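**Q** Each chain, written out:
Protein chains: 2
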Amino acid sequence: MSKPEIPGYTFGERSVPDAPIEMDEFERLKQSVMFSDEDDRYLRMAGEVLDGQTDEILDLWYGFVADHDFLLYYFTDGHGTPNEEYLERVRDRFGQWIRDTCDTPYGRDWLDYQFEIARRHHRTEKNQTDEVDAVPNIDLRYVIGFIYPITATIRTFLENSGYSDADVDKMYHAWFKSVTLQVSIWSYPYTTDDDW
Amino acid sequence: MSKPEIPGYTFGERSVPDAPIEMDEFERLKQSVMFSDEDDRYLRMAGEVLDGQTDEILDLWYGFVADHDFLLYYFTDGHGTPNEEYLERVRDRFGQWIRDTCDTPYGRDWLDYQFEIARRHHRTEKNQTDEVDAVPNIDLRYVIGFIYPITATIRTFLENSGYSDADVDKMYHAWFKSVTLQVSIWSYPYTTDDDW
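Protein sequence lines correspond, in order, to chains A and B.
For the first sequence, my numbering begins at 80 and goes up steadily by one.
For the second sequence, my numbering begins at 80 and goes up steadily by one.
Bear in mind the hints are in silico, worked out from the structure with no lab data behind them.
Incorrect hints may have been included.
The list treats identical chains as interchangeable, and a pair is accepted whether it falls inside one copy or across any two copies.
[To be verified] Pairs of lysine to aspartate or glutamate, DMTMM-like flavour, derived with a Cα cap of 20 Å:
id: 1; residue 1: Lys109; residue 2: Asp274
id: 2; residue 1: Lys249; residue 2: Glu238
id: 3; residue 1: Lys109; residue 2: Asp244
id: 4; residue 1: Lys109; residue 2: Asp130
id: 5; residue 1: Lys109; residue 2: Asp148
id: 6; residue 1: Lys249; residue 2: Glu164
id: 7; residue 1: Lys109; residue 2: Glu163
id: 8; residue 1: Lys205; residue 2: Asp246
id: 9; residue 1: Lys205; residue 2: Asp146
For clarity, every value in this text was computed on a predicted model and none was experimentally measured.
Input sequences plus hints: build the corresponding full structure.
**A** Here you go:
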């Protein structure tokens with residue numbers, strides 16, 4: 080699949096450092112969220128279903144953030160006004176994140192880019208990609224908390240398809256597993272190597 | 080609700096330190112997982128449904144751990160054999176955790192005890208409650224990863240009731256929100272105050 084030109088999106092590029100996670104560790108992490116080859120298949124199916132709905136999904140998620148000052152805060156300099164350009168640039172990559180989440184099976188490039196996303200949430204690299212002057216860190220508690228809205232709200236969009244309830248359910252669970260897996264990876268920079 | 084005598088279970092006792100989380104921060108965290116008063120009600124309903132099934136639920140979860148060496152590892156001294164007494168003692172508290180998860184609304188005591196659970200996962204306090212010689216830390220990646228199995232597997236047990244599909248769905252979502260909320264709290268000792 081060719082990758083579109085999205086500012087700051089560097090999946091597969093040489094500028095992305097290797098994630099400090101071996102593939103066998105990644106496999107264990109997949110097992111801990113019960114991720115199987117079937118989930119690979121259902122995520123690809125989900126990718127087709129979600130593809131035409133990306134804007135509606137992002138509208139919903141961005142609406143959720145906008146409705147909560149303490150979440151919108153991460154797009155501000157800490158004193159009120161959100162940075163609209165920053166919001167827009169992240170939005171484009173967030174849409175691509177939906178596609179990448181569904182673009183299975185996950186390989187070394189995928190894992191490396193997940194780790195890049197981890198760094199961009201954490202103070203290690205936040206704001207650098209978009210060269211913005213915003214608060215320095217997305218707090219871990221909300222990175223984890225976001226598992227719920229990002230998972231629960233996807234179901235309605237998966238139902239907008241000709242697929243059976245059983246298939247929708249399998250797509251939903253594959254998505255839930257992947258989101259949990261990714262947040263687990265994203266937590267890495269927030270802790271020490273020993274504790275992760 | 081009177082609390083049963085479970086070794087190491089100290090909910091509500093003076094020995095439990097205050098969580099370093101204010102109630103208004105806790106409220107924001109609840110908002111981030113879309114937790115509402117309706118979830119309080121559905122968790123109490125779930126509590127009634129799950130109450131007679133605790134052993135079957137724990138059999139399933141313990142079976143999942145036992146099937147994965149890298150998870151069972153946390154009940155070992157790092158060199159193979161799991162500590163059966165440790166497993167049993169944690170199991171009793173895990174059963175009570177199911178009840179406490181459903182015992183809404185969550186107050187200051189609940190939050191303080193969640194934080195105690197956080198410390199007991201992390202090297203800050205792991206092994207101390209049961210005075211065992213096991214590996215010093217439950218790695219954060221699996222604490223987060225566990226959100227999936229602990230959530231997905233509960234649904235079958237919720238269906239073992241006279242409730243409608245719509246009610247089962249609401250109990251399931253309330254459970255999912257609570258588990259995510261709790262893991263978010265449990266992540267605290269793994270990071271710095273500034274990053275959490």
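**Q** Now tell me, hint by hint, if it's right for this structure.
**A** Against the structure, the hints:
| no. | hint | verdict |
| --- | --- | --- |
| 1 | Lys109 with Asp274 | within (19 Å within a copy, 26 Å between copies) |
| 2 | Lys249 with Glu238 | both (11 Å within a copy, 18 Å between copies) |
| 3 | Lys109 with Asp244 | neither (25 Å within a copy, 30 Å between copies) |
| 4 | Lys109 with Asp130 | neither (24 Å within a copy, 31 Å between copies) |
| 5 | Lys109 with Asp148 | between (34 Å within a copy, 14 Å between copies) |
| 6 | Lys249 with Glu164 | neither (36 Å within a copy, 38 Å between copies) |
| 7 | Lys109 with Glu163 | neither (36 Å within a copy, 26 Å between copies) |
| 8 | Lys205 with Asp246 | neither (37 Å within a copy, 41 Å between copies) |
| 9 | Lys205 with Asp146 | neither (22 Å within a copy, 38 Å between copies) |
The earlier numbered hints that this structure contradicts are 3, 4, 6, 7, 8 and 9.
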